[in-house]
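**Q** Single-letter residue listing:
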Amino acid sequence: MFDFPTGLTFHVGNYVSDLVDWLTVHWKTFFDGISNGLLWVFSHFNDFLIWMPWWFFVLVIFLLACQFKSVSSGILFAIFLILIGIFGYWDEMMYTLCLVISSVVISLIIGIPLGIFMAYSKRFEMIAKPILDGMQTMPTFVYLIPALFFFGLGLIPGVLSTIIYALPPVMRLTNLAIRGVPEEVVEASLSFGSSRWQLLTKVQIPQAMPTIMAGINQTTMMALAMVVVASMVGVKGLGLEVLTALGQIDVAKGFEAGISIVFLAIIIDRITLAISNTFQKK
Amino acid sequence: MTLKMEIKEVSKIFGPHPKKTLRLVKEGKSKEEILKKTGHTVGVERVSLDIQEGEMFVIMGLSGSGKSTLIRCLNLLNRPTSGSILVDGEDITTYDRHKLKKYRQKKIAMVFQHFGLFDHRTIIENVSYGLEVRKVPLKKRMEIAQSSLETVGLKGWEDKYPNELSGGMQQRVGLARALANDPDILLMDEPFSALDPLIRREMQLELIDLQNKLQKTVIFITHDVNEAFKIGDRVAVMKDGKVEQVGTPEAILENPANDYIEAFVKDIDRSKIIQAEGVMIKPNALVRLKDGLNVAIKEMKSNGLSSVYVVDKEMRLKGLVTIDDALEAKTAGRSLESIMTDNFEIAAPDDYMQDLIDKAIQTKYPIAIVREEKLVGLVPRAIVLSSLASQ
Chain U
1 MFDFPTGLTF HVGNYVSDLV DWLTVHWKTF FDGISNGLLW VFSHFNDFLI
51 WMPWWFFVLV IFLLACQFKS VSSGILFAIF LILIGIFGYW DEMMYTLCLV
101 ISSVVISLII GIPLGIFMAY SKRFEMIAKP ILDGMQTMPT FVYLIPALFF
151 FGLGLIPGVL STIIYALPPV MRLTNLAIRG VPEEVVEASL SFGSSRWQLL
201 TKVQIPQAMP TIMAGINQTT MMALAMVVVA SMVGVKGLGL EVLTALGQID
251 VAKGFEAGIS IVFLAIIIDR ITLAISNTFQ KK
Chain S
1001 MTLKMEIKEV SKIFGPHPKK TLRLVKEGKS KEEILKKTGH TVGVERVSLD
1051 IQEGEMFVIM GLSGSGKSTL IRCLNLLNRP TSGSILVDGE DITTYDRHKL
1101 KKYRQKKIAM VFQHFGLFDH RTIIENVSYG LEVRKVPLKK RMEIAQSSLE
1151 TVGLKGWEDK YPNELSGGMQ QRVGLARALA NDPDILLMDE PFSALDPLIR
1201 REMQLELIDL QNKLQKTVIF ITHDVNEAFK IGDRVAVMKD GKVEQVGTPE
1251 AILENPANDY IEAFVKDIDR SKIIQAEGVM IKPNALVRLK DGLNVAIKEM
1301 KSNGLSSVYV VDKEMRLKGL VTIDDALEAK TAGRSLESIM TDNFEIAAPD
1351 DYMQDLIDKA IQTKYPIAIV REEKLVGLVP RAIVLSSLAS Q
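Chains as they are written, first to last, in our numbering: chain U, 1 to 282; chain S, 1001 to 1391.
Worth flagging that the hints you see were computed from the coordinates, not collected in a lab.
Treat the hints with care, since some could be wrong.
[Unchecked claim] No more than 25 Å apart at the CA atoms, straight line, and that leaves these computed lysine-lysine pairs for BS3-like: (1) S:Lys1135 with S:Lys1160; (2) U:Lys122 with S:Lys1019; (3) S:Lys1160 with U:Lys69; (4) U:Lys202 with S:Lys1135; (5) S:Lys1019 with S:Lys1031; (6) S:Lys1102 with U:Lys122; (7) U:Lys202 with S:Lys1031; (8) S:Lys1019 with U:Lys202; (9) S:Lys1008 with S:Lys1029; (10) U:Lys202 with S:Lys1099; (11) S:Lys1298 with U:Lys202; (12) U:Lys202 with S:Lys1008; (13) S:Lys1029 with U:Lys202.
Keep in mind the model is a prediction, meaning the values are calculated, not measured.
Let the hints inform the model, and build the full structure from the sequences given.
**A** Have a look at this one:
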């Protein structure tokens, strides 16, 4: 009487599973194409990061921090990086950084134009909003499974799921930012005979820039948060170290790998935030 | 005067099916009825106006009267639902995208209530925006923007950002930006209402000055009656999307078309609108220089006056004689000329009542209104001072 009637059970999961099977078989070339392209870009970028002398990288971060924040944070970030090196995770950190940067760049390439389109089209906004909600709230492991089917174990499903997870903030905030440009400012631009393109590039995007930058910062942090999850499908880097430590119940290793992720997160967050603040000041 | 812009039966309805709703408007349904029934808002309802070249045309109305909607129809930021707008004889409502762009770039510019400045650009970049859109070369547009900034008195502020400027200065930037395009028509949507009263007054005077120099066709929106009547050559009063009355400020003051306008103009500060010419009376007694003392006394006696102005045969004002002096002179046997004083106040016909108030307080006699040395009329003190009391 009080239990949910068992006769009503019905599973949609099977159909989703069938669809995934079908896609895997029939769209193989398509997925392989994406996979190979991404892999090529990623491995070259990673090679470059690894090839870079360690002190050069520390210097770059130091100078960036000095430029956009302060000398003291520059020194702090340099110490963080050196500590990660001392823990023995330099290459892992570079790998993780590479994952974060490539996912973020791809997210921005997709997310900013889509966000702008969302601001222009009410209908697209209506469709996109629930999808974005879904992308952010659906437990990340769930879309790791089909990603595994399409791309196999390794880096690519990791990058893709990171993109799915990291895309929403920049898309949402771009939409909000463009919509948030005061009506009168848009009218002023139009009243001088601007074309749509001039309105967008000369007025709307520059005016929206502080908010878009906040979106980029959030997207970066989301990407970083996916690092450990992505390691479950075999992505290397700091996340995998945490995962192995978990498997071996190795507290010491877990702490070192964990704190390395925190260091990296602080550095990325503070620097992107500081850069976005320079847009705010005007 | 040539006709610059002809607004013919323009209506603007907001909502998903404006054309359908237009029929209800034509059937004479009220705004409220239409809103209730269809959810459409009637912004502007069949407005027709003729605007002359070089005219300062003010559209006045309270908020919700449709004045901002109407002005946005004139550069098609709002597309009218029906009606036509002829500028130099061409109907702009039929323009395609390309022609509209050209029209906005060359013929018309707008100044906004909250300035509508681009705060990511410096002042000079703001002012040169219209030229940039038109793809004027950088050097040339900086020159034009510079001179435009000088016109509004903002030299030296070129490289600042808008939020570093006060409200009044920001609106000058807005004005400079509009002027840089050298448009025939300048639309001003409540440009001064976001400014504090002192700055507002200053800007109004400067606008009048500027207009005298540039002779643009200006269409100016305001909700402030005093502002409308102060700067407008002609004023249109709007209510509920319709134009209630069009005319010169004085004509509207003299003959308000209905109770609404009468109530509207009741609070107006008449002393700033009415000129001496409008209230002066023909002197009912005058003495010629050659007439002599006896005539002067007779004139004053028969008209019940205690003083009289003396003119020569070309009506040039010579002086004033009081009855006391005249009677005394008569017994002493002195001439009219010897007792004339210049102890009176004079004013020009186009002086405002406001400027007459001080004079009326200082003198005991009617104020003489003089045009090119000739006496054209008198303004009794009672008229000036009572206008003060009625405020």
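**Q** Compare the structure with each hint and give your call.
**A** Here is how each hint holds up against the structure:
1. S:Lys1135 with S:Lys1160: Since the Cα atoms of lysine 1135 (chain S) and lysine 1160 (chain S) sit roughly 23 Å apart, the hinted pair holds (cutoff 25 Å).
2. U:Lys122 with S:Lys1019: Given pair lysine 122 (chain U), lysine 1019 (chain S) holds - Cα atoms ~22 Å apart, limit 25 Å.
3. S:Lys1160 with U:Lys69: At roughly 24 Å apart (the allowed maximum being 25 Å), lysine 69 (chain U) and lysine 1160 (chain S) satisfy the hint.
4. U:Lys202 with S:Lys1135: Given pair lysine 202 (chain U), lysine 1135 (chain S) holds - Cα atoms ~13 Å apart, limit 25 Å.
5. S:Lys1019 with S:Lys1031: The given pair, whose Cα atoms are some 15 Å apart, holds under the 25 Å limit.
6. S:Lys1102 with U:Lys122: Roughly 29 Å separates the two Cα atoms, so the pair is violated.
7. U:Lys202 with S:Lys1031: Violated: lysine 202 (chain U) and lysine 1031 (chain S) sit about 39 Å apart, past 25 Å.
8. S:Lys1019 with U:Lys202: Not OK: lysine 1019 (chain S) and lysine 202 (chain U) at ~34 Å, beyond 25 Å, violated.
9. S:Lys1008 with S:Lys1029: 20 Å, holds
10. U:Lys202 with S:Lys1099: 21 Å, holds
11. S:Lys1298 with U:Lys202: 81 Å, violated
12. U:Lys202 with S:Lys1008: 35 Å, violated
13. S:Lys1029 with U:Lys202: 44 Å, violated
Going through the hint list in order, the structure does not satisfy hints 6, 7, 8, 11, 12, 13.
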